[in-house]
Each structure stands twice: as structure tokens, then as C-alpha cells.
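Residue numbers (numbering that gives the first Met the number 0), protein chains in the order written: chain A, 0 to 88; chain B, 0 to 198.
Because the hints were derived from the structure by calculation, they are not lab data.
The reader is advised that the hints may include incorrect statements.
Under the rule of at most 27 Å between Cα atoms (straight-line distance), these lysine-lysine pairs were calculated in the DSSO-like manner [stated by the list, open to error]:
1) Lys-35(B) <-> Lys-36(A)
2) Lys-80(B) <-> Lys-60(A)
3) Lys-79(A) <-> Lys-80(B)
4) Lys-144(B) <-> Lys-35(B)
Remember, predicted model here, so these are calculated numbers, not experimental data.
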Amino acid sequence: MKRKLMQILMISCLKATELIEKKSMMPLSWIEQIKLKIHLRLCDPCKHYAQQSNAIDEWMKADNKDLLTPSTDTTHLKEKIIRSIPPQE
Amino acid sequence: MSNEMDLQNKSATIQCWVTEYTDALFKWAWHKTADKTIAEDLVQDTFLSAIESFHTFQGKSQPKTWLFSILRFKIANHFRKQFKSPELNWNDNILLQDDAFVEHFFDENGHWRMQEIPKDNWQGADGHLLDNPAFSAIWHQCFEKLPKHWLCALQLKYLEAKNSEDICKELDISNTNFWQILHRAKLQLRKCLDVHWFS
Numbered sequence: 000m001k002r003k004l005m006q007i008l009m010i011s012c013l014k015a016t017e018l019i020e021k022k023s024m025m026p027l028s029w030i031e032q033i034k035l036k037i038h039l040r041l042c043d044p045c046k047h048y049a050q051q052s053n054a055i056d057e058w059m060k061a062d063n064k065d066l067l068t069p070s071t072d073t074t075h076l077k078e079k080i081i082r083s084i085p086p087q088e
Numbered sequence: 000m001s002n003e004m005d006l007q008n009k010s011a012t013i014q015c016w017v018t019e020y021t022d023a024l025f026k027w028a029w030h031k032t033a034d035k036t037i038a039e040d041l042v043q044d045t046f047l048s049a050i051e052s053f054h055t056f057q058g059k060s061q062p063k064t065w066l067f068s069i070l071r072f073k074i075a076n077h078f079r080k081q082f083k084s085p086e087l088n089w090n091d092n093i094l095l096q097d098d099a100f101v102e103h104f105f106d107e108n109g110h111w112r113m114q115e116i117p118k119d120n121w122q123g124a125d126g127h128l129l130d131n132p133a134f135s136a137i138w139h140q141c142f143e144k145l146p147k148h149w150l151c152a153l154q155l156k157y158l159e160a161k162n163s164e165d166i167c168k169e170l171d172i173s174n175t176n177f178w179q180i181l182h183r184a185k186l187q188l189r190k191c192l193d194v195h196w197f198s
């Protein structure tokens with residue numbers, strides 16, 4: 000019985016990483032939550048994956064409007080845009 | 000007469016904004032699209048839209064905030080269009096059905112393959128890292144390598160404050176399909192950053 004329960008609750012790393020990404024999009028069902036929780040408790044690589052996936056989320060969300068990079072010369076672009084502005088309507 | 004003044008003001012104001020904000024807008028557009036030409040076009044489009052809807056800008060927000068909100072809309076639109084564009088032909092999506100991609104990372108039992116196991120080596124992996132030009136360059140390179148569909152889906156998820164259901168509706172894909180795309184994209188992006196920066 001115990002063995003069977005464990006079989007039901009144990010998921011693979013593939014499944015666990017899928018659930019990690021699914022979770023960032025929609026709420027998981029309670030059974031999915033338990034499965035993921037157990038897996039992450041036992042599996043260091045997936046724990047690292049979860050942290051790293053989180054870091055990627057942070058960078059994706061980085062709406063830092065004053066990004067220092069990439070730096071490039073925009074003189075040409077500015078001139079082009081200004082030329083395209085109708086002076087008077 | 001006042002109307003004429005307004006029009007003159009409008010051109011002058013926009014010109015001023017072009018000088019002042021093009022750099023910031025361009026950097027952000029490039030950061031998001033990983034494509035210089037597209038980024039330039041989107042910024043130009045942003046200013047053209049700003050001219051057209053100048054009357055709706057009443058100084059309630061900062062010009063910079065207003066321009067960025069237009070640009071955000073333009074970028075999201077670009078990704079939506081690209082995601083649906085027939086020339087992509089869903090080729091990238093074949094990768095989704097193709098088990099080879101997943102098999103590269105996981106064995107037949109779904110365990111990490113030896114060489115793919117995530118390790119505890121992402122030191123300093125926080126939001127500030129993007130300010131580091133060297134890391135930012137790697138970030139862009141890794142992005143460019145993603146299949147176009149995946150890149151679009153990934154960007155759309157973070158660009159707009161929309162729930163995933165609405166994004167799926169717009170893209171005409173199922174919820175499951177969407178998060179599976181995100182999962183594959185994340186696997187590839189994570190690996191690329193791991194190999195080129197953290198190892």
C-alpha cells in the first residue's frame with residue numbers, strides 16, 4: 000500500500016521541471032503540488048533547476064528601462080526618425 | 000492661431016523626445032527582440048504613433064513612461080505577429096512533438112542525463128547581473144539561438160500583464176501547448192547560460 004502510494008506520488012525529473020514551468024503560468028492542482036513538493040525535497044538537481052528557472056524569470060521581467068547595455072550609436076536612428084516626422088500637418 | 004502653435008509645438012516636442020529618449024527605447028527594444036533592425040523599426044514606429052496620438056498625451060505621465068508604454072505594445076504586437084507568421088510554418092513546433100529534444104536532457108525514465116544535471120553553480124544570478132555587459136551579451140546570444148516560436152511565447156509571457164489564457168487565445172494555442180513551449184525554451188536557455196556563463 001505504502002509502496003503503491005509512493006509510486007503514485009513519485010514523479011520523474013522531466014515531469015517535475017514541467018510542473019515548475021506550469022506553476023509559473025497557472026495554479027497547480029493539489030495533487031500536482033504535493034508531487035512537486037515531494038520531488039523537490041528529494042532531488043537536488045531539480046531544486047537547482049527551480050532556482051535557476053526563477054533567476055531567468057527575473058531577467059525576463061527586467062524592465063529596467065535604463066539598461067546599461069547594449070550600447071550602440073543611435074545617431075543615425077535619431078536622424079532617420081526626425082526626418083520621418085512631418086514638420087506641419 | 001493657437002492650433003498652429005500646438006502643431007509646431009508637437010513637432011518640436013517630439014523631436015526633443017527623439018533626442019532624449021531614443022537611446023533608452025532602443026536599448027530596451029533590442030534587449031527584448033535581440034534584433035537590431037527590428038528594434039530600430041519598433042522605436043521609429045513608436046514615435047510615429049506618438050505623433051498620431053499626441054493629443055491623448057496630456058502630460059499626466061512622464062513622456063518617457065508614455066513612450067515606453069507605446070513601445071511595449073509594439074513589441075508585444077511584433078511577437079504575436081511573428082508567432083503566427085506563416086513563414087515560420089510551425090517548423091519550430093515540430094521540436095515540441097519531437098522527443099529528441101527532451102531526450103537530449105532526460106533519459107527514458109525521465110531522469111536528468113549525467114552531463115545535463117543542474118548544479119549549484121549559479122552564483123550571483125540575480126537581477127543586477129543583466130547590468131554586466133559581458134553577461135548581457137551572453138544573454139542575447141542565448142536568446143537568438145532559441146527557435147523563433149519559443150522566443151515569442153517566452154517574451155509574451157512577461158511583456159504584458161495578461162494572464163496565460165488570454166495569451167493562448169491570441170496565439171491560438173492550447174494552455175498545455177503554451178507551457179510546454181515555455182518548458183522547452185527554459186531548458187534550452189538555462190543550458191546555454193550555464194555553459195557560456197556559469198561554467
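Compare the distance between the alpha carbons of Lys-79(A) and Lys-80(B) with 27 Å, and conclude whether the hinted pair is satisfied. holds, 25 Å
Pair hint Lys-35(B) and Lys-36(A), alpha-carbon separation not exceeding 27 Å: violated, 42 Å
Keeping to a limit of 27 Å between CA atoms, is the pair of Lys-144(B) and Lys-35(B) held or broken? The given pair, whose Cα atoms are some 15 Å apart, holds under the 27 Å limit.
Straight-line alpha-carbon gap Lys-80(B) to Lys-60(A), limit 27 Å: It holds: about 21 Å lies between the C-alpha atoms, which stays within 27 Å.
Going down the numbered hints, you'll see the structure goes against just number 1.
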